[in-house]
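Model the placement of chain E on the given structure of chain H, informed by the hints.
Chains as they are written, first to last, in this note's numbering: chain H, -8 to 264; chain E, 637 to 904.
What the hints contain is simulated information worked out from the structure, not anything from laboratory work.
Some clues are possibly wrong.
Stated by the list, open to error - Computed spacing ranges between beta-carbons, pair by pair:
hint	chain 1	residue 1	chain 2	residue 2	range
1	E	850	H	154	19 to 27 angstroms
2	H	-3	E	677	38 to 46 angstroms
3	H	238	E	892	44 to 52 angstroms
4	E	822	H	162	50 to 58 angstroms
5	E	669	H	155	34 to 42 angstroms
6	E	650	H	34	49 to 57 angstroms
7	H	45	E	713	20 to 28 angstroms
8	E	894	H	250	57 to 65 angstroms
9	H	-3	E	896	19 to 27 angstroms
10	E	677	H	119	41 to 49 angstroms
11	H	157	E	673	46 to 54 angstroms
What the hints assert, rightly or not - Some chain H residues judged to face chain E by a derived CB distance under 7 angstroms, without partners named:
hint	residue
12	2
13	31
14	32
15	36
16	138
17	252
18	253
Each residue gets a CB set at the ideal place from its N, CA and C atoms; glycine is no exception.
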Amino acid sequence: MNDKESPHSIHSGVWQEEAELDNPFTAAACYCRGYDVYGDLLGKIGYIEYLYLLFKGERPEPAVTAVLEILAIALANPGPRDPSVHAAMAAGVGGSTAASALMAALAVGAGSHGGAREIFLALEAWKKNGNELAKWRTALTSPAAPTRLQVWPEPEHPPGFAPYGNTCAKPVRQTLSHLVAMMPAGHLAWLFQERDALEKIAGHPLAMTGVTAAALADIDFSASEGEMLTLLLRLPGAAAHALEQGRQGFRQFPFFELDLENDPGPAHPKERA
Amino acid sequence: MNNILLDYEGPLRTRMGACFPGERAVFRGHDLHADLKDMDWIALYAFGITGRRYSPEQTAVLHALWTYTSYPDPRLWNNRVAALAGSARSTGALGIAAAIAVSEASIYGWQPEFAAADFLVRAYDRINAGESLEAVLQQELQLHRRILGYGRPVATLQVDERIPAILARMESEKIAQGPYLRLAFDIERELSRLGRRLPINYAAVVVAIPLDMGFSPRECYLFLLPSFMAGMPPCYLEASERPEGATFPLRCSQLHYQGPGRRRWQQK
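Chain H on its own, in the form it takes in the complex (with noise of 0.2 angstroms):
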C-alpha cells in the first residue's frame, strides 16, 4: 500500500507520528500538538500541563495550570454518596469489569443533576451571561422555554446551582476562594464578589458545578469542552471506590429496600400456601 495516497487518513491536529523504518505500524516518534512527547516533554511537562495541551493545543499559563490542579482535585472524587460514583461502586461490589464501572460512572455521571451535562449548561450560561447580573437574573427566572424535546431531559433546576441546598456547600465556598486567588479578574472573581445576589435570584445555593463552569470558562473552555473534561476529572473517585466495594464484598453494600405499590401476590397455590 502506497501511504501517501490512502484515501482513509485520520485527519488531526491533536497528533503526529513519525513511523520505525523497519514497521509502518509502529511508532518512534509521537508528537502531541507539535512536541516530541517521549523525546522531549517527558520528564519536562506536568500531567495538568499535557492535559492541557491536548485539549487546547498550546502550553498553559501558570495561572491556568493552577486552576486546573484546583479544579482536578476538586472533581476527582464526589463521594460515594455521587450517584456517579454510587454507579460505579454497583459495578465494583458485583465483580463486574473495571471498565464498565468506569463506563457506569461515566454514564450516571453525564447528566444534568450534578454530572457533565450541568458542567455544559452552566457554560453556555456564562457564555451568554458574562458578568451582568441582569442577564442572569433574566435567564435564571425566565428561562426559554424548551422549544423542543431532545435525549437528554429537561433540567430541573438553574445549571449551577444546588437544587436541595439551603446555604452553599463549604466545599463549594473553599474551592471558589482557591480558585479566586489564582485567577483574580474575571467570572471566578465576579462570582465570588455577586455570589449572594445570584443565590437569591436562583433560589437555590451555588453548587460545586457552577463553580466549575465559572472557572473552566475563565481559561476559555468551550461548554463541549467543560463537558469532556468535566467526565474525566471525576473518574478517578470513581475508580477508587469501585474498587475499594470490590474488596468488600456485597454483604456490606447496601441493597436498599423497595415498596412495590402493585404487588399482585403470589400467583402459584405453592406460593400461597
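Below, chain E alone, put in the same frame as chain H:
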C-alpha cells in the same frame, strides 16, 4: 429542615416491579412467570416502557423496525466500536454497550429519531389546530435550521432502503398507515415543494410507526435503543476471529497531521 429528599428516604416506592429471590418476580404489577410467561420479549420490552400491550401484528411490525436497521457493517461508526472492541480483545459486553451508547449520535441514531418524533407530534397538533404544513415547516426550519428525519449523512438523495421494507411488512401484517406516518410522508413532499430535496429517512418512519401505536416520543426513543444491536455482535465476533489488532489497522502515515509545526518545550 425543608428538603424534598427527606420524603424519599426509606423504602423506595415503585410500581415497576421487584424480584422476590427464590419465589417470584413482578413486572409492572404482573407476575412475570405466571401472567406474562407467554409474552414475546419485544412485547414485554414495549410493555415495560409503555405499560400497554400490543397485538401480535403490532408486535411483529415493532420487531421488524429493529430487524430492518440491523446492519453488521463494521464501518458504521457505532458498529465500529463493537468491532474495535473485538480487535482489541475487550469483552463483548463492553464493546456492545459502548456501541449502543455511541448510537445516540446527532447525525444518525437516537438524537434525530427523538427529534423527529417530537416534531411529528408538534406538527400534527398544530395542523389539527388549523395551521398549514408549509407554515409549520417554515417555522421549524427558522427555529432549528433542519427537519430531522429528512436527508441522510450517507447516500443523501437515495431512497432509504429500510422504508419500502417496513411498509411492505406493515401491509403483510395488515397494519394500516396511521396519521403520523402519513404526515411523515406529507412532510417529505412539502419539503420538496419548498425546494428542499431532502428524502425522508428511516428516523422519521421508525418513530412515526410507534407514534401511531400510541407511543410518546420518549417511549419511541426508549423502544428503539436496541434497534441497531443485532448488527453489533457479528462485528465484534469477526474482529475477535482476526488476529489481534488486525481490524482497521492504521499506519503511522495514515495520521494526516494539520497542527502546529515542530517545537520544543522550553523550561520556564
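Against the structure, the hints come out as follows:
no.	hint	result
1	E:850 - H:154: 19 to 27 angstroms	33 angstroms, violated
2	H:-3 - E:677: 38 to 46 angstroms	44 angstroms, holds
3	H:238 - E:892: 44 to 52 angstroms	46 angstroms, holds
4	E:822 - H:162: 50 to 58 angstroms	55 angstroms, holds
5	E:669 - H:155: 34 to 42 angstroms	40 angstroms, holds
6	E:650 - H:34: 49 to 57 angstroms	55 angstroms, holds
7	H:45 - E:713: 20 to 28 angstroms	22 angstroms, holds
8	E:894 - H:250: 57 to 65 angstroms	58 angstroms, holds
9	H:-3 - E:896: 19 to 27 angstroms	23 angstroms, holds
10	E:677 - H:119: 41 to 49 angstroms	46 angstroms, holds
11	H:157 - E:673: 46 to 54 angstroms	50 angstroms, holds
12	2	5 angstroms, holds
13	31	5 angstroms, holds
14	32	6 angstroms, holds
15	36	6 angstroms, holds
16	138	6 angstroms, holds
17	252	5 angstroms, holds
18	253	4 angstroms, holds
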